[in-house]
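> Here is what each chain is made of, one letter per residue.
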Amino acid sequence: MTLLYMFLGLAVGASVVGLVFFSSTKHLSVKWYDWLMGIIAVLLLVFTIQNAVTALEEEQRTAAGMYLVFPGIISLILLVVAALSIVRHRKSTIS
Amino acid sequence: MGKHHSTMSRRDFMKGLGLVSAGIGAATATSPLFHDVDEITSSASAERKRPWWIKDVDEITVETDWKAMKRFNSREIMQCSLADHIGRTKLDDLIKLSMNNRKQWILENKPGYTLRDFALYAGANFGWFDGFSKCFTGDKRTSPMSGLGGSDSDMYYLNFGIDGTEARPGSPDALCVPLPGFPIGGLAVPRWEGTPEENLRTVRAASRFYGCNEIGVGELDSLKGQKMIWTQDWDGKHIVFEDVDHGYETGPFWGGVVQDKEKRVIPTKARWYISLSQLMSDWNIKRAPTLFGDFTTAENYARLHYAQIRVQRFIKALGYEALAGFMFINTTANNPGMATLNGLGEHGRIGQLVSPEFGSLQRLAGIITDLPLTPTKPIDAGIWRFCSSCSKCQENCPPQALAASDPVTYDVKGAWNNPGKKSTWLDGVKCASFWYEATTLCGVCIASCPWSRQDKSWVHDLIVKPSIASTSMFNSFFRKMDDVYGYARAKYDYKTQVCVTERDPEEWWNLQDLPIYGIYKTN
Chain A
1 MTLLYMFLGL AVGASVVGLV FFSSTKHLSV KWYDWLMGII AVLLLVFTIQ NAVTALEEEQ
61 RTAAGMYLVF PGIISLILLV VAALSIVRHR KSTIS
Chain B
1 MGKHHSTMSR RDFMKGLGLV SAGIGAATAT SPLFHDVDEI TSSASAERKR PWWIKDVDEI
61 TVETDWKAMK RFNSREIMQC SLADHIGRTK LDDLIKLSMN NRKQWILENK PGYTLRDFAL
121 YAGANFGWFD GFSKCFTGDK RTSPMSGLGG SDSDMYYLNF GIDGTEARPG SPDALCVPLP
181 GFPIGGLAVP RWEGTPEENL RTVRAASRFY GCNEIGVGEL DSLKGQKMIW TQDWDGKHIV
241 FEDVDHGYET GPFWGGVVQD KEKRVIPTKA RWYISLSQLM SDWNIKRAPT LFGDFTTAEN
301 YARLHYAQIR VQRFIKALGY EALAGFMFIN TTANNPGMAT LNGLGEHGRI GQLVSPEFGS
361 LQRLAGIITD LPLTPTKPID AGIWRFCSSC SKCQENCPPQ ALAASDPVTY DVKGAWNNPG
421 KKSTWLDGVK CASFWYEATT LCGVCIASCP WSRQDKSWVH DLIVKPSIAS TSMFNSFFRK
481 MDDVYGYARA KYDYKTQVCV TERDPEEWWN LQDLPIYGIY KTN
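Top line first, the protein sequences correspond to chains A and B. Per this note's numbering, the first sequence starts with residue 1, numbered consecutively. Per this note's numbering, the second sequence starts with residue 1, numbered consecutively.
Because the hints were derived from the structure by calculation, they are not lab data. You may find that some hints are simply not true.
Calculated cross-link-like contacts (lysine to aspartate or glutamate; reagent style DMTMM-like; alpha-carbon spacing at most 25 Å) [claimed, not checked]:
1. B/Lys110 to A/Glu59
2. B/Lys263 to A/Glu57
3. B/Lys480 to A/Glu57
4. B/Lys49 to A/Glu57
Just so you know, these numbers come straight off a predicted model, no measurement behind them.
Chain A with its partners taken away, still in its complex shape:
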């Protein structure tokens, strides 16, 4: 579990740093609500992974699968919406 939390921390940290770097170099316009959606999505994703992995550790396979469906899918939808929103801002800025 320690490795899992370390991996999750690294992944979240790298994603945030990457996004900030990418948005500044590519001149992306990231609105506050994009950040909010992104943060919620990442938190939900971390929550999903923790619950699914520990459910498997407790031999609760159905529960592990259900965690991937909810909140897992919700987190992915939010991530996609946030990403599409950022892309849309960029397109509107270019045009």
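Place chain B on chain A using the hints.
Only chain B this time, still in chain A's reference frame:
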């Protein structure tokens, strides 16, 4: 640490208990190492750490009429009185049925009841039905130099007792016979002195070291605590309080014929009851009512019995009384009731203790002592309120000894119930009769309870349990989600008369990463 210090060498003291000796198994290998009692008392495990949402309260959460409640005779509980209710002939038939089923199912290789499963149960039984001292006043062997000195030591026996002419003082037959100079192994030093708070931390830390998950302490007051002590023990001996210096018992220690006049005596100065709890394996019990449930029960009782005897020895070596249940650790007192009073959990519809941390996925023991201890209060974590919206244990009970239609009432179902609390009640005849039919002690109620899990998932610790403790508004929703997410799926199919578990019993033998004791997943 306060001003109360023992004048004896603590290192020698701990050596005498064998705590510093290595090689006492995997449990010890994963436990913290202490060098003296001061370290134990000041260790982190001595503090009672529980989640913020568990509230200490003055009264237990199930409504109880303490004036109406009386001390109960354990000879009335179903383990001791089934023949009184169904008759000797019917019980003999059930015993025959049980034996036939066991043999038949082994021959059929029935999943969960194969010879391999039975063998695992037989092994786990050592320490529960078989082995260990079965003495109310505890194992008496101890010596100041651990194994190296004293007339009860192994080295003494090896040097002087091998010609067969001298009985070994420490032999199983002699376990209950007090040795001269006990307690403290004949060292003749003053007993340990500490404040009640220090003593609680000390006993909690030692209990954790010996393998208990949590302890609670209550006073044996006449209004509540004493009512959890049986009037008559499982073997027929009366349990009485007397104004004497030391606890004692008359008649045979265990297994002999008990006369009605025989008794176990608790000194009135022994005013504290320590409840000990130990986690069970959810990996195994979820395969109940097969032998997987039974060897979980057996292994857990054996390990807890071992821990209880060691805590008894610890307290006796400190210089105090330590009296305890001597057989299956459930004798002497009603441990679930006592643990509810002592704040380890709440009384649940299941009729057992349900703790916020592990639900009913635990077994209980207890020790009566005159070591002054700070009592721990009952708790309210919303469990009893949640039980009203759940009833999973009742819906899944194979013989319907617990039924979802059972009302919450003061009216008991039979003489095996101790009246006084407003609760649902177990039909002991149906429950115990089913044990014989199933050839096991069932355990589906424990496996079905939504609280019966180790709960490593954040969703339970961060959302579900704090919500249940704060409001009952979402209880029905949480109960439904427990079904949807596939938790606690030990359901009994009344058409096929088999228990449908999500987990295939025989798959257990092929699990790649089986936790130690079925609990601790560490390499």
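> So which hints don't hold here, by number, going up?
Hint 2 alone not satisfied by this model.
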